[in-house]
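Protein chains in written order, with full-length UniProt numbering: chain A, 1 to 239; chain B, 1 to 239.
It is worth saying that the hints were derived from the structure and are not from the lab.
Do not rely on the hints blindly, as some may be mistaken.
[What the hints assert, rightly or not] Some chain A residues close to chain B (C-beta under 7 angstroms, calculated; not the full set):
(1) 76
(2) 80
(3) 198
[Claimed, not checked] Derived DEER-like restraints, expressed as beta-carbon distance ranges:
(4) 190(B) x 77(A): 54 to 62 angstroms
(5) 90(A) x 32(B): 20 to 28 angstroms
(6) 148(A) x 104(B): 32 to 40 angstroms
(7) 151(B) x 152(A): 23 to 31 angstroms
(8) 101(B) x 138(A): 34 to 42 angstroms
(9) 32(B) x 127(A): 54 to 62 angstroms
(10) 83(B) x 80(A): 48 to 56 angstroms
(11) 10(B) x 123(A): 46 to 54 angstroms
(12) 27(A) x 153(B): 54 to 62 angstroms
(13) 20(A) x 74(B): 42 to 50 angstroms
[What the hints assert, rightly or not] If the Cβ cut is set under 7 angstroms, some of the chain A residues that face chain B in the computed set are:
(14) 157
(15) 177
(16) 178
(17) 182
(18) 200
For clarity, every value in this text was computed on a predicted model and none was experimentally measured.
Note that CB positions come from ideal geometry on N, CA and C, so glycine has one too.
Number of protein chains: 2
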Amino acid sequence: MAITSSSLFPLLFFARLSGLVVALLVLFWALAFKSSFLLHSSQEDLIYAVLHPLLMVIGFILISGEAILVHRWLPGSKSFKKSVHLCLQGVALASGFFGIWTKFRGNDGIVANFYSLHSWMGLICVFLFGAQWLMGFLSFWHRGEARTVRLRVLPWHIFLGLYTYGLAVATAETGLLEKLTFLQTKRNVSTHSPESMVVNSLGVGLALLSGIVILAAVSPKHKTLQNKLMFSDAKCLSF
Amino acid sequence: MAITSSSLFPLLFFARLSGLVVALLVLFWALAFKSSFLLHSSQEDLIYAVLHPLLMVIGFILISGEAILVHRWLPGSKSFKKSVHLCLQGVALASGFFGIWTKFRGNDGIVANFYSLHSWMGLICVFLFGAQWLMGFLSFWHRGEARTVRLRVLPWHIFLGLYTYGLAVATAETGLLEKLTFLQTKRNVSTHSPESMVVNSLGVGLALLSGIVILAAVSPKHKTLQNKLMFSDAKCLSF
C-alpha cells in the first residue's frame with residue numbers, strides 16, 4: 001500500500017491519539033458506570049468482569065497495535081526492532097490469555113460462557129495470535145535458517161498479523177454490543193444513556209484506530225519504493 | 001502483500017466457496033427460524049426485518065467482495081474491468097442504502113432505531129462506501145485528468161475500499177450479536193439452540209470470507225512483481 005506522503009509522522013501521531021482516547025474511554029466505562037460492572041454477586045466476580053475489557057482493549061489490542069508500529073518508527077538495528085516487537089506481542093498475548101481466563105473464572109450468567117459469536121471469534125483470534133507469535137519466536141531464534149525461507153514466510157506473517165489484529169477489533173465490537181444489548185434488555189439501561197454513548201464512542205474509536213494502525217503498517221517508508229510499487233505493474237493493486 | 005504462489009486460483013475459489021456458504025447460512029437463518037423474524041406485529045414489519053440481513057449480507061457484503069475481486073480475474077481491458085467494478089459496487093451501495101432504509105421503516109422496538117453501536121458503524125460504513133463510489137465514478141468519467149493524479153488517488157481508493165469492506169463485515173458481526181443477545185435475553189431463545197449455532201457459524205463464515213477476499217485483493221498477480229516487492233527494500237513491510 002503506497003500512500004502519497006513519504007512521512008509516517010501524522011499517521012503515527014493519530015494512531016497514538018486514537019489509542020489514548022480508546023484507553024481513556026474503556027477505563028472510564030469500566031470504572032465509572034454501575035450498571036455494566038457493579039451488579040455482580042461477589043467482589044471477585046466484579047474484578048473479573050472489569051478486568052476482561054481492560055485486558056482485551058488495553059492489553060491485547062492497544063499493545064499489539066503498538067507492537068505492529070514498532071517497525072515503522074523505532075530506530076536501531078533490525079534485530080533490536082524484532083525483539084521489541086516480539087516482547088510487546090508477548091505482553092499482548094499474555095493479556096489476551098488472561099482476559100479469556102477471566103471468563104472461565106467469572107460467573108455472571110449469560111455473558112460468562114463460551115456459546116456466543118463474541119466468544120467464538122475471541123477464541124479463534126487468540127489462537128491465531130498465539131500461532132503467529134510462536135512462528136515469529138521460532139523464526140527469531142533460528143538465525144541459521146535460509147534467508148529465502150524467512151522471506152517467503154514474512155508476507156504471510158504480516159498478512160495474518162494484520163488480519164488477526166482486525167479480527168480482534170471486530171471481536172471487541174461484538175463484545176461491546178453484547179454487553180450493551182444485554183444491559184438494555186435485561187436491566188433497562190436507557191439506549192440513550194451516557195453509558196451507551198461511552199460504549200458506542202469506544203466502538204467507533206476502536207474502528208478508527210484499527211484503520212490508522214493498519215494504514216501505517218502497510219504504507220512504505222520511502223518515496224523511492226512507493227514509486228517502484230506504483231509504476232512497476234499497472235495490473236497490480238499497488239500493494 | 002506478496003504471497004508465495006503466483007496463481008490466485010485457490011484464493012478466488014475459496015472466496016467464492018465461503019461466500020456461497022455465507023449466502024446459504026443467511027438465507028437459512030432468515031427463512032427457517034421463527035424466533036428471529038416471525039414474531040413481528042405485522043406482515044410488513046416481518047418483510048423489513050427479513051430484508052435487512054439479506055440486503056446487508058448478500059447485497060452489500062457479498063456483491064462488494066465480488067466487485068473487489070473483479071480486478072483479479074476478469075479478462076478484458078482495464079476500462080471494461082473498471083466499469084464492471086463500478087456497476088457491482090453500485091448494486092452493493094444500493095443494497096446498503098435499501099438495507100438501512102428497512103430500519104427506518106421497520107417498527108420492531110429496541111433493534112429498530114439508530115442508537116446502537118451496530119447502527120453507528122453501519123451509517124459510517126455506508127457513508128464511506130458512498131463517498132468511495134462517487135470518487136471512483138468521477139475518476140472513471142474524467143479520462144482527461146492527469147494520469148499522475150489518478151495514480152496518487154488509487155492507493156487511497158484501494159485502502160479505503162478494503163477498510164470499508166472490513167468495517168462492513170465487523171458491522172455485520174455486531175448486528176448478528178445484537179439480534180442474538182436480544183433474542184436470548186428477551187425471548188429466552190436457548191444459547192445452544194440450532195438458531196444460535198447458525199448465526200454464530202454465519203459470523204465465523206463472514207470473518208473467514210473477509211480475510212480471503214482482502215488477501216486475494218492485495219496479493220500481486222505476477223511472480224516478477226512479487227520478487228520486486230520482496231527484495232526491493234528490506235525495511236519495508238513488503239506491501
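These are the hints, each one checked on the structure:
1. 76: Violated - the Cβ of residue 76(A) stays beyond 7 angstroms from chain B, reaching only about 12 angstroms at its closest.
2. 80: Hint on residue 80(A): violated, closest Cβ of chain B at ~13 angstroms, above 7 angstroms.
3. 198: 11 angstroms, violated
4. 190(B) x 77(A): 54 to 62 angstroms: 56 angstroms, holds
5. 90(A) x 32(B): 20 to 28 angstroms: Once the Cβ atoms are compared, 45 angstroms apart, the range 20 to 28 angstroms for residue 32(B) and residue 90(A) is violated.
6. 148(A) x 104(B): 32 to 40 angstroms: Taking Cβ atoms as reference, residue 148(A) and residue 104(B) lie about 56 angstroms apart, which means the hint is violated.
7. 151(B) x 152(A): 23 to 31 angstroms: Taking Cβ atoms as reference, residue 151(B) and residue 152(A) lie about 29 angstroms apart, which means the hint holds.
8. 101(B) x 138(A): 34 to 42 angstroms: Between residue 101(B) and residue 138(A), where Cβ atoms are some 52 angstroms apart, the hint is violated.
9. 32(B) x 127(A): 54 to 62 angstroms: Given a distance of about 30 angstroms, which is not inside 54 to 62 angstroms, the answer is violated.
10. 83(B) x 80(A): 48 to 56 angstroms: Since residue 83(B) and residue 80(A) have Cβ atoms about 49 angstroms apart, the given range 48 to 56 angstroms holds.
11. 10(B) x 123(A): 46 to 54 angstroms: Since the Cβ atoms of residue 10(B) and residue 123(A) sit about 26 angstroms apart, the hinted range of 46 to 54 angstroms is violated.
12. 27(A) x 153(B): 54 to 62 angstroms: Violated, at about 39 angstroms.
13. 20(A) x 74(B): 42 to 50 angstroms: 44 angstroms, holds
14. 157: 10 angstroms, violated
15. 177: 4 angstroms, holds
16. 178: 5 angstroms, holds
17. 182: It holds, given that the least Cβ distance between residue 182(A) and chain B is near 5 angstroms, below 7 angstroms.
18. 200: 5 angstroms, holds
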